[in-house]
Amino acid sequence: MTEQWLCIHLHRLSLDVVVRGLESSEAVAVCASRGSSRWIHDRADGLARQGIKPQMALASAYALAPGMRVYPRQLMAEASALEQVAGWCYGISSRVSLFPPDMVLAEVGASLSLLGPLERIAQAVRQGLKRLGYRSRLAAAPSAAAARLMARAGRYGRITRLQPLPRVLSTAPIAAAEIPARDLESLSRMGLTTLQELLDLPRPGLQRRFDQQLLDYLDQVLGLQPEPLRIYQPDQAFHSTLELPCEVENQEALLFPIQRLLTELCDFLVARDLIMDRFHIVLGHSHSEHSVIPMGLLEPGRNEQRILELVRERLHHFQLAAPVRELSLKAQHFFPCQARCQDLFETRSRGMDQLPRLVERLCSRLGDTSVFTLSEIEDHRPEKAWQPDILKQRQASGQSSSKSGSPMASRPLWILDQPTTLPSCPTLVSGPERIESGWWDGEDVCRDYYVAECRPGEHLWVYRDRREDRWYLQGIFS
Amino acid sequence: MRYPEYAELHCLSAFSFLRGASQPAELVRQACELGYRALALTDECSLAGMVRAWEAARDLPLELITGTQLVLEDGLKLVLLAENHAGYTAICELITMGRRNAEKGQYRLTREQLEPALPGTLVLWLPDPDQPPEQAEALVETGRWLRQLYDGRCWIAVELLRSGRDDAILTGLTQLAQRCGLPLTAAGDVHMHRRGRRALQDTMTAIRIGKTVRESGHALFPNGERHLRARQHLAGIYPLELLAETVRIAERCRFRLDELHYEYPEELVPRGETPTTYLRQLTEQGIQRRWPEGPTDEVRKQIEHELELIEEMDYEPYFLTVYDVVRFARSQGILCQGRGSAANSAVCFCLGITEVDPIRMSMLFERFISKERNEPPDIDVDFEHQRREEVIQYIYDKYGRHRAAIAATVITYRSRSAVREVAKALGFDAEQVDRLARTITRWDTAEVLRERLSERGFDPASPTICRLMTLVSELIGFPRHLSQHVGGFVISQHPLSQLVPVENAAMPDRTIIQWDKDDLEALGLLKVDCLALGMLSAIRRCFDLIAGFRGRRFSMADVPPEDPAVYQMIQRADTVGVFQIESRAQMSMLPRLKPACYYDLVIEVAIVRPGPIQGKMVHPYLRRRQGKEPVSYPSEALRKVFERTLGVPIFQEQVMQLAIVAAGFTPGEADQLRRSMAAWKRHGGLEHFERRIIGGMRERGYDEEFARRVFEQIKGFGSYGFPESHAASFALLVYVSCWLKCHEPAAFCCALLNSQPMGFYSPSQLVQDVRRHDVTVLPVDVTVSTWDCALEPDPGRPSQPAIRLGFRMARGMREDAAERIVQARDQRPFRDVQDLVQRAELDRRQQNCLADVNALETLAGHRYQARWEIAGVEHFPEVLKHSHINEAPAQLRGPGEVENLLADYAAQGFTLNRHPMAILRDKLKQRRALSIEQVRAAPSGQRLRTAGLVTLRQRPGTASGVTFLTLEDETAMLNVIVWRDLAEKQRAVLLGSDLMAIDGVLEHQDGVWHLIAERLYDYDDLIGELHIKARDFC
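Those sequence lines, one after another, are chains A and B. Heads up: the first sequence runs through residues 432 to 909, numbered per the numbering used here. Heads up: the second sequence runs through residues 180 to 1213, numbered per the numbering used here.
Hints were generated in silico from the structure; no laboratory data involved. Warning: the hint list may mix true and false statements.
[To be verified] Some, not all, of what chain A presents toward chain B, calculated at C-beta under 10 Å: (1) Tyr-502; (2) Gln-558; (3) Glu-809; (4) Pro-863; (5) Tyr-880.
[Claimed, not checked] Heads up, simulated EDC-like pairs for lysine to aspartate or glutamate below, C-alpha to C-alpha not over 20 Å straight-line: (6) Lys-815/A with Asp-896/A; (7) Lys-390/B with Asp-810/A; (8) Lys-561/A with Glu-730/A; (9) Lys-815/A with Glu-394/B; (10) Lys-484/A with Asp-1185/B; (11) Lys-761/A with Glu-730/A; (12) Lys-484/A with Asp-1173/B; (13) Lys-484/A with Asp-1197/B; (14) Lys-773/B with Asp-1185/B.
In this text, a Cβ means the ideal position worked out from N, Cα and C, and glycines have one as well.
Isolated chain A, as found in the complex (with noise of 0.2 Å):
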């Protein structure tokens, strides 16, 4: 029986992802860029009747629609919108395969029977990705290559059988094939802008001037030769219990129990080639609901011993409602593993292992947003020099410290939020050291710091405001 393959296009994806967290999405557009250039990737129908086209450079668009909204490609989101989409084909077809950036091939020929006539199957399929909040469109063939070179086209139809694939196929532009970007140049500059006007070509002519892939593709396209295709795997998601042997209702005791179900976890992990960044622990109850237990990492990792270290450090603060009777491990939330190394490169380097260790200790003990870092800053005006930061936004957002250069005139440890104004100019031990700078950020200062004193021993930073000639209190120093 011949195959019959269904190509889901997701032609809106990078919208679509990008819209599904807004509240509205009008004059929404997505961008893509390249070094300091950025172009419109999709937008909005709204924006399109502006006439923003694909392409366009993002300037020239902003000169046509000033308030359009722009949000930058989000790839991670669309690989993953791609593979929740495989995960919903596979109800339909245990032969699905991905073709990232915005197809999912799905053979349905073997389910013909089970799901009724190939309309119907689109029909739901259509509706089920709705559903999910994606736009898509849909092609059929019998061959994988056929139905997305038709839907590459545009020709979002249904073809049954092999033997009129070619007459059919004969107009499709070989713009629209997955021929490689040198060798489609090449043809387009012979003239050769269909697929039918490649096939007419004298094959060892074609040979001598092409790769074997481009005959090989050919071959695949008309079904004449099958096509090595990547089958998607759907078991994702990891769920491992175990059920204990008594109730436990100390927590060292959990240790042991959920570090074997951490060994099975960290497999599944390394045999799939993935990393996660979070994961459940469940703890399930004779008599009362089951406790949940959510686990995140600073970092996206699959490090046992280190998993197990955070674990340690998080049941060592959690109160046991019950007694515990059953456990498991739930993930579902992976990415690949080169995906954090490329990601390593740009952003970190090796030698910060032990910080990142201590800091998800410390956060896990006290929670994510009571573990600060004082920050300096480089800013001549003392009150913006230092700034709390959540350690956690901190490192996300991938900033460092640097240390300054210039050696100072002597600060004190305790700087005052506020200045607080001086009824009289005190006693003045030294200074003045002058300070103008800011203007920015319109918080321009212009200053003139001493060090007074108040009492013997006691100093005080005090400045005289040269503007308004007035004298305030910075910081005291200890």
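Given chain A, put chain B in place with the hints provided.
Positioned in the frame of chain A, the structure of chain B alone reads:
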């Protein structure tokens, strides 16, 4: 109370690029205002701002000291001050050494270069006040080393800038001074003239380190103390003794820039002659050549007058230098011609430097050299643009790199660059920076800017935008870096580095001096301008082509003068490609002014320029010329001055003559008047001329009211008066190029194509124009073409040859590949593409270029077939190189007309087949657009629609917001005027579309057509991917 005296000895100006936030003149004026005794300008390893400072200080009671700040490789920071001329020379040589040893814009100096001690130089040492204590001994060592070298002329400079550690610094340096036995002095590390430049200084720092101001942190100065501080305040900061020391140091620095004297090179005079006798000898030879029948009395008198003045001013070597350069060029067959005020000189005419007979033109020698001005004359010579390098290399060879260098050009911040960099420093993101830079292309009035900003979605009232605008307006005009002048050479008898520092330019093997042409002029230094002129290349190439095709060699002198056919062509504005009078503005004036003789061309060149158009000189002249207004003169004496321009003052020389004839000026004084006229808008300073002119005229019987009117006219004239001498030189080239276009259109066009890029028109327009003159243009063909375009006999037209396009027309084609093709073809014709590629050793890129431009048609068939063929070319090893591949022929579909058109445009920028508009004509008809030919047949005042490719978009600064478009279709070109309102309303269409349709009203007068646009349409949908880029001057 009296404040202590002070001299600032450490001061950086804007010529320490992106450090100093004030111009040299601002610093000088402020120092004077504050009652400083002296100011040392000590830009970092540079004297580039020195002459400007010197000019500003010339008339002020402030001593200006020449100096420089240096940071050596090991971090040692010094200020050197010139005590006397020897010191100045030493500093120049040191800077030269440091600059020549480093990349452009950098310098590299070590302690060795300060040993042995530089003569006549005072040294201020700036020890790092933040030196860690463990290096204290090293500091003392350095101090002792300096004292041993510069005993009695080295100080430790104490710079107290209210960092909060002033006391500690003073104590530390006092101790250091005692330990090394060096005296202390005060200094201010000045970076700006007033505290108010703090924000600009911070911004410059941010730009320099490539960060935003916010991120710059401690790279910014903590306060604004680095300005010229009032002596009152200094008294409260420094011990009095330290302030007094500054004055003592300043008093030791006696060197002033006026002492510089410059000597012309001497080697040009043969043994046994003096410069004077040799110049006379050359001039006499020239007289015989120029006037074979002997000179008239007038000529003789003029020449004697000139020679006398030249001798008196010792300018002979200058004339001999320029003569030598011109002689060299002639000997190499390089066309050249003097331009500018030199054309006023009969001696230059005799020496062959210029081609205009100044006596015939009644020009004024004093415009060129005047005793009163006491400035060196300025001879500018144009050379063929593609061969000027030979001339430059000749000068370097002859005088050596140590004696000849190119003058600098100070590149300053323009509005666009200032906006871009300030916006970046203020933290605008890349896209906003782009948008801002696009919005603010020129510095309009505040109101216009506000309007344009809000149009582009910026809030002009927001503090960030206000800050941006303030900083940008301050930064505009500030120097950014030094670049090389277009061709101004300074040549000296002695090494130049003794006169002015020399540094590396961006081009390899080029060196520039640190002064620009105004600096040179101010100091009276000789400069020879070797300029590049594309038209000279084209004319020389044209002569060569004619010689090759007709076997008759032409020269400029052989071009028959005053040919009526040439003037008829000019009056029709049939002037695409010729010199000067080819532009849109010129073309629209030609049919009205109807030039009929050489002198009309001189006026045409001078009058159709932004200045006279703005000054409303064009229309009075035009009306008088057309006889619509009577020609009148205020007096018989002035008739002689203004007769040649019908009573309308057009030339600078006429104003000078007016002052001489009507107000009793000497010629030298008249020249001073001319110079003040050019400058008064910026500097003022015409007042004393006002009294003299009006007084002088009344004495000579003109009534007061008339005299006042004349004076007002002179004031207005200042900004746009054009030198007649310059126009006269240019008009010669105008005539020659017109004659060639008129009589040898094929050769002329061919020469223009081979001289690209140059001129106003693209190759596409040149080719279309020549085809409209019935010249056949043949495509690039690998079996016939050479690198250059060439002439071949045209069987269809015996009188004119056809133009065969050369490989140079194919985008991406390389000259060496073209040469290999020609060589291989000369051995034997190519059998097929395989043979071509193999024997001419063409790489893939060159093969593609040939296929793209359809040059393989004779060998391989149409473009698609050709590309199929080259894709199949095999690279055989040497032994198999005569092999042949047998394969079944593939039948590829041939390209359609539109496909060919697109390919032609992509490969060479034009097509020899049907014009794109001809292909679209039916569709255009459906949209009711007329062809340009039909437009021209319509009556003036008619409303109509036409369409065409936009080949030019121009918004001259003079035309108050008017945009000029040129449309082109298969029949002709048409100029379109878009008024400001419409331009603002339809900005996107105006700037964005390649194919535009326009509804408008036709204006037709005196053979000039204009369409006044009322509505614009973007017809780009008709041409798809055809990108025809206009030459945008917006």
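Evaluation of the provided hints:
1. Against a cut-off of 10 Å between C-beta atoms, the interface hint on Tyr-502/A is violated, since the closest Cβ of chain B lies about 13 Å away.
2. With a least beta-carbon distance of about 37 Å to chain B, the hint placing Gln-558/A at the interface is violated under the 10 Å criterion.
3. Against a cut-off of 10 Å between C-beta atoms, the interface hint on Glu-809/A holds, since the closest Cβ of chain B lies about 2 Å away.
4. Annotation: interface hint on Pro-863/A holds; nearest CB of chain B at approximately 6 Å, less than 10 Å.
5. Because the closest C-beta pair between Tyr-880/A and chain B is about 6 Å apart, less than 10 Å, the hint holds.
6. A distance of roughly 16 Å separates the Cα atoms of Lys-815/A and Asp-896/A; the hinted pair therefore holds under the 20 Å criterion.
7. Of the pairs offered as hints, the one joining Lys-390/B and Asp-810/A holds, with about 14 Å between alpha carbons and a cut-off of 20 Å not exceeded.
8. In summary, the hint linking Lys-561/A to Glu-730/A is not supported, as the alpha carbons are separated by about 33 Å, beyond the 20 Å threshold.
9. Distance check on the hinted pair: Lys-815/A and Glu-394/B sit about 12 Å apart at the alpha-carbon level, within 20 Å; holds.
10. Simply put, Lys-484/A and Asp-1185/B have alpha-carbon atoms about 46 Å apart, too far for the 20 Å limit, and the pair is violated.
11. As the CA atoms of Lys-761/A and Glu-730/A are separated by approximately 18 Å, the hinted pair is consistent with the 20 Å bound.
12. For the suggested pair Lys-484/A and Asp-1173/B, the alpha carbons sit about 17 Å apart, so the restraint of at most 20 Å is met.
13. Restraint check for Lys-484/A and Asp-1197/B: the C-alpha separation of about 16 Å stays at or below 20 Å, so the hint holds.
14. A hinted pair counts as satisfied when its Cα atoms are at most 20 Å apart, and Lys-773/B with Asp-1185/B qualifies at roughly 10 Å.
Consistency note: the structure conflicts with the earlier hints numbered 1, 2, 8 and 10.
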